[in-house]
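Asks: Fit chain W to the known structure of chain E by using the hints.
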Amino acid sequence: MLANPLALIAEITHRCPLHCVYCSNPLELAAASSELKTEDWRCVFAEAAKMGILHLHLTGGEPLARTDLEELIASAHQARLYTNLITSGVGLSRERLARLVQAGLDHIQLSFQDSHPDRADWIAGTKSHAHKVELAGWIREHRIAFTANLVVHRQNLDDLEATLKFLETLRPDRIEIAHTQYYGWALENRAALMPTAAQLEKALAVVAAAEVRLKGSVRIDSVVPDYHAQFPKACMGGWGRRLMLINPAGQALPCHAAGVIPGLVFDNVKERSLQSIWNESAAFQKFRSESWMQEPCRTCERRTEDFGGCRCQAFLLAGDAAATDPVCSLSPRHDSVLRTVCQAPEDIVSPGSPAKSWKYRPNPGRG
Amino acid sequence: MIAETSKPALAVGCRWGGSQEDPMLLFPEGAMKVQGTGLAILELCDGQRTFLDIVEELHRRYFGSDAQRIREDAAKFLEQLHEKRIVDY
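First to last, the sequence lines map onto chains E and W. Residue 1 is where the first sequence starts when you use our numbering, and the numbers rise one by one after that. Residue 1 is where the second sequence starts when you use our numbering, and the numbers rise one by one after that.
In case anyone wonders, no lab produced these hints; they're calculated from the structure. Each residue gets a CB set at the ideal place from its N, CA and C atoms; glycine is no exception. There could be a bad hint or two in this list.
Computed list of chain W residues with no C-beta within reach of chain E, every gap over 10 Å [stated by the list, open to error]:
1) 7
2) 34
3) 44
4) 48
5) 50
6) 59
7) 67
8) 85
The calculated DSS-like cross-link candidates involving lysine-lysine, where the alpha carbons are at most 30 Å apart (straight line), are [to be verified]:
9) E:215 to W:7
10) W:84 to W:33
11) W:84 to E:233
Quick look at which bits of chain E chain W covers, simulated, 3 or more residues with Cβ under 8 Å [unchecked claim]:
12) 72-85
13) 136-150
Only chain E is shown next, with the shape it has when bound in the complex (with noise of 0.2 Å):
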């Protein structure tokens, strides 16, 4: 019997202030005009409540850009969701951090770019890091959990120790480490932020230094990014199986990047209940079994565990989104995976940079 999704992850809007260059929201952003109303929202969260669903995680875009935040995470909050907001902390003031407090917000995750702040405020296309760092004062001001975030690739990577060092003096209860993934807006700038194999090698030291260091007082989140795995993740926990996406528009999709796979028609939260998409949805059906596998998936002893990957990534590299997962070893495109990687330049820009090197996401969500 198909299981309930554990978590909603619901992207509010995509408008922001920022202009990251590794953007994982689709190129295509949904219009402000199209977003979901407070009161859909509504719904969706008692729906996602009374179908077992424990977290709601709120992201973006930029979610403090809903200026009926305090609502939602109220009425997330009503329904016993636990309620986490994913955010740059942008235009956040101390007020309004205190009021979405007091609407129940249970944890807070807060994006870092870089410990230096005219190299954060470059990788972000907009001056930000000054404030995050106050922020993350306020933060503590309360009784919720905190969460830093530092999303890595071959810009800051080599900074990483001494970013950790200054993570750690924000006294968050978890640090997140997310290499970079290659969808959306990331894509495009893959040649600027691929990492090297020697960077990622001394990462992954500073890592299991600073998770010895921190050990009881910081928990440690990293994962190993997957370009430079021998297996591929199992993504999502698998397709259709641990998480729904709502869009700003209202459209259910397995994941926050699976519009790029064509032919796949979204649902939309308006139109049917969120227990009907998740059940019969075609979109969520495509790759939940093993029938649309191909070789050497489908006799894989692998494919329970990691489902032949990413199936965004598959049509991302291979052009094909029931192949296998060309990061995976076993896949016979690895090969051109593997040259990518190999061919990575090995340049570290610096701010001022001409902007040939990568390219910002231009006033995302605007309309």
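Replies: Then chain W, alone, in the frame of chain E:
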């Protein structure tokens, strides 16, 4: 190591969820089903009772059990949760 005088409590951002019949411990990015002795221990972790108080209470409840074993098991359980930042003391 947890000390006799430590006063364990659920860490910031960890709370109970799920249903009455099926309580779940919720924390950032995760949830844990807690039953039996684990549930009994965590319900005593109120930040007021010391670890020694908790062990004594468990010993009273589970009459005839080995006090030393209760202490060791409870310490191990709480230390594991402490490492995951689910319990603080």
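Asks: A separate judgement is required for each hint: does it hold in the structure or not?
Replies: Status of the hints after comparison with the structure:
1. Non-interface call for residue 7 of chain W relative to chain E: holds, since the shortest CB-CB distance, roughly 16 Å, exceeds 10 Å.
2. Chain E leaves residue 34 of chain W outside its interface by the beta-carbon criterion, the shortest separation being 13 Å against a cut-off of 10 Å.
3. Residue 44 of chain W, annotated as away from the interface, keeps every beta carbon of chain E farther than 10 Å; the closest lies near 20 Å.
4. The Cβ of residue 48 of chain W sits about 16 Å from the closest Cβ of chain E, beyond the 10 Å cut-off, so the non-interface label holds.
5. The beta carbon of residue 50 of chain W is kept farther than 10 Å from every beta carbon of chain E, the shortest such distance being approximately 18 Å.
6. Even its closest Cβ contact with chain E, about 26 Å, leaves residue 59 of chain W beyond 10 Å, as expected for a residue assigned away from the interface.
7. With a minimum CB-CB distance of about 26 Å to chain E, residue 67 of chain W clears the 10 Å threshold, and the non-interface call stands.
8. Taking the minimum C-beta to C-beta distance to chain E, about 4 Å, the non-interface status of residue 85 of chain W is violated against the 10 Å cut.
9. Between residue 215 of chain E and residue 7 of chain W the CA atoms are separated by roughly 19 Å; this keeps the pair inside 30 Å, and the hint holds.
10. With a CA separation close to 15 Å, the supplied pair residue 84 of chain W and residue 33 of chain W stays within the 30 Å bound.
11. Only pairs whose Cα atoms come within 30 Å are accepted, and residue 84 of chain W paired with residue 233 of chain E is accepted, the gap being roughly 23 Å.
12. Under the rule that three or more residues need a Cβ within less than 8 Å of chain W, the assignment of the region 72-85 of chain E holds, with 3 such residues.
13. As drawn, the region 136-150 of chain E meets chain W at 5 residues by the rule of a beta-carbon pair under 8 Å; at three or more, the given contact holds.
This entry does not satisfy hint 8, going by the numbered hints stated previously; all others are met.
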